[in-house]
Structure formats: C-alpha cells, structure tokens
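Residues per chain are reported as follows:
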Amino acid sequence: MRRLILILMACSLVAGCAPRSTFVLLPDPNGQVGKIIVTNPQGAQTLNQARQSVAIKSKTDSPGKIKTMDEAEIHSLFGKALGIQPSPPAKFLLYFKPESVQPNPESASEIPKIMHAIKDRHSMDISVNGHTDRKGEVDYNNELSFQRARRVQKMLEKAGVDPSLITTTSHGKNNPLVPTADNVPEPRNRRVEVIVR
Amino acid sequence: MRIYILSLFLFFGLMVAPVSASDVGSVKNIDGRAWITRGEEQLPATPGLRLMVLDILKTDVDGAMGIILRDDTIISMGPSSQMVLSEFIFQPEEKHMGMLTKFLKGTFTYISGVMAKLDPESVKIETPEGMVAIRGTHFLVKVE
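Taken in sequence, the protein lines are chains Y and V.
Numbering of the first sequence is given in the numbering used here, commencing with residue 397 and proceeding in unit increments.
Numbering of the second sequence is given in the numbering used here, commencing with residue 1096 and proceeding in unit increments.
Careful: at least some of the hints might be erroneous.
Unchecked claim - Estimated spans, in silico, between C-beta atoms of each pair:
(1) V:1134 to Y:574: 40 to 46 Å
(2) Y:516 to V:1184: 47 to 53 Å
(3) Y:509 to V:1184: 41 to 47 Å
(4) Y:471 to V:1189: 29 to 35 Å
(5) V:1145 to Y:496: 41 to 47 Å
(6) Y:428 to V:1182: 23 to 29 Å
(7) Y:576 to V:1145: 49 to 55 Å
(8) Y:431 to V:1181: 19 to 25 Å
It should be emphasised that the hints constitute simulated quantities derived from the structure, not laboratory data.
All of these numbers come straight from a predicted model, not from anything done at the bench.
We put the beta carbon where it would ideally sit given N, CA and C, even for glycine.
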C-alpha cells in the first residue's frame, strides 16, 4: 500500500505519467476522408487528411502539432480495436400502396434477403421502422406506420426471427425519405425500413 | 375504404400502443472479456445486449468490444479500455438530437452515424484532455 501511494505521488509530479489523448483520422468505410476538429479551452486543430494525428498532453496544454501516423503504428496502437470494429448495418426498404399495411409484392421478396443478412451477420439486433407519406392526418399516419411496421415484424417472426431481437418503431408522416409538401402522396415515403445490425 | 381502415386502426390502436425504443444501441462483437456497469449492476457484455444511457463499458486486459448505436454510430474498444455513453437522444422527426461519448482510457475506433449527418453540432466526443467535433467521419482515439 505504501508503495502504491509512492507511485501515485510520483505520477502526479512527473509530466510523463500525465494522461494524454491521441486522435487519428481514417477514411470512412466508403473511402471518403471526413474532418474532425480536436479542441480544448487552450486551442484547436483540424484533421482532414487520412492518417493525420494530433495529441493533447494535458488539459492545460493546447492540441499539439499535426503529424501523419504510419500504417504500422496505427496497427500496433489500434490493431485490436480495429479488428473488432463492427461492419455498418445492412438496410432494407419495403414499400406500400396508399393506406395499405401489406408490402408490395416486389418488397415482400426482400424478406429472404433480410433473413440471409441476419444469419450472415449473426445479428442479435434488428430494427423495424414504419413510415408513411405526407398524405392525411398525423394521427391516422402514426397508426398506419405502426401497423406497417407490425406487419413486417410478423413476417420476420414467421420466417424464424426470435421476436426478442426485433425492435419496432413507428414514425408516421414526419420522417419522409423524400421531402415533399404536406398532403402529397409519395410512393418512396410509404415504407418500412429494416436495419440488421 | 379509408374510413373502414381508419376505424379498424382506432379499434386496435386502443389495444396496442406504438412501440418506441428505449435502448440506445447494442453490443455487436466481443473478444475476451468485457463488462457493462449500469448503476450498481455489473453485467458481462454479450452480443445483442442492449445498451442504455449512462452505461459504463469496460474491456479486460485481453478484451475488445464493438457496439452499434441506434443512429448507426459504430464504436469499438481495444484492451483495458473504458468509456461512458453519457447522452444519447435520437428523435430526428422532432429534430431532437444529442450525443455525448466519453472515452476515459484505452483505444477506440469511431465511425459517425446518421446524427452526425443531420446535425453535426449535436455530436460530441470527450476525453480527459479535450473534445472532438466531427463532420461525418471515421477516427481513432487513444487515452493513456
């Protein structure tokens, strides 16, 4: 115990023991390179090139100089975290006729593809989100989007998905895929989105 | 026809309230040992475990874990790492969004999701030394 206290005291005196944060920008899964701004009350640095990195020594130091980290260092520091990084979720859209809760025939044929994605990814988390177009009243569309999502949920359960893995939500007319004026029927907005994580 | 369907909805609507998700995401991948601390509880992390706001996520010295949040944000942690999901609100219909992730120690990968596309200002990542503002991006963080 005495030794532990000594080490803690030494750490509080020696700058090398102080916590330190390092940030590295990588290309997105689609290959594009985004942008991050690393800030604290002392300053800011913007990273916008692949493998650019910046470190902050402590709360009282501003973000340091921008460097480029090589692949070998990225692998040695972050290999384990990168190795377990989940792939982006698989997404499916099923479309509906106006006022209908039964997916169009060509959309119903998505079910086997969804089942394949669930097995392939060993998915334990599936979202079913119902939507309508902007035709009609809010309450009516809330209920319609809910019934659409429920119908797709039942189809997945019938195909063998454990009901406890499915989360169903409904969004009514307020989250259109294609923005339209109110009261406009739009086939691409009458949809149920299935997300397989 | 429309009136008929509507009245059916009103009837069933009384019995089945719309379901809304209370979880913020789930554990996707595990290697070695990892835990979720939720209040007084310490849960072993397993694939599919639903995550809640204020959960503390930890990995063992040989552990690693990957999670996917409700807006498609993807986070993974290497060994001896610890993070907190401090805030997560994702209601795009009401334009009500906010997310704060605190990386306390260890190594992390982060791929931003829908929230960062719709409202970049609403997404914040903190470490003990600073914070990150993101613009739709994949990045790494190491906290010593």
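Tested hints:
1. V:1134 to Y:574: 40 to 46 Å: Check passed, 43 Å falls within 40 to 46 Å.
2. Y:516 to V:1184: 47 to 53 Å: Violated: the Cβ-Cβ distance is about 31 Å, outside 47 to 53 Å.
3. Y:509 to V:1184: 41 to 47 Å: violated, 32 Å
4. Y:471 to V:1189: 29 to 35 Å: With a Cβ separation near 42 Å, residue 471 of chain Y and residue 1189 of chain V fall outside 29 to 35 Å, so the hint is violated.
5. V:1145 to Y:496: 41 to 47 Å: For residue 1145 of chain V and residue 496 of chain Y the Cβ distance comes to about 32 Å; the hint is violated.
6. Y:428 to V:1182: 23 to 29 Å: Holds, since residue 428 of chain Y and residue 1182 of chain V (Cβ atoms, about 27 Å apart) stay within the stated range.
7. Y:576 to V:1145: 49 to 55 Å: Roughly 34 Å apart at Cβ, these two residues miss the hinted range, so it is violated.
8. Y:431 to V:1181: 19 to 25 Å: holds, 23 Å
In summary, the numbered hints that this structure violates are 2, 3, 4, 5 and 7.
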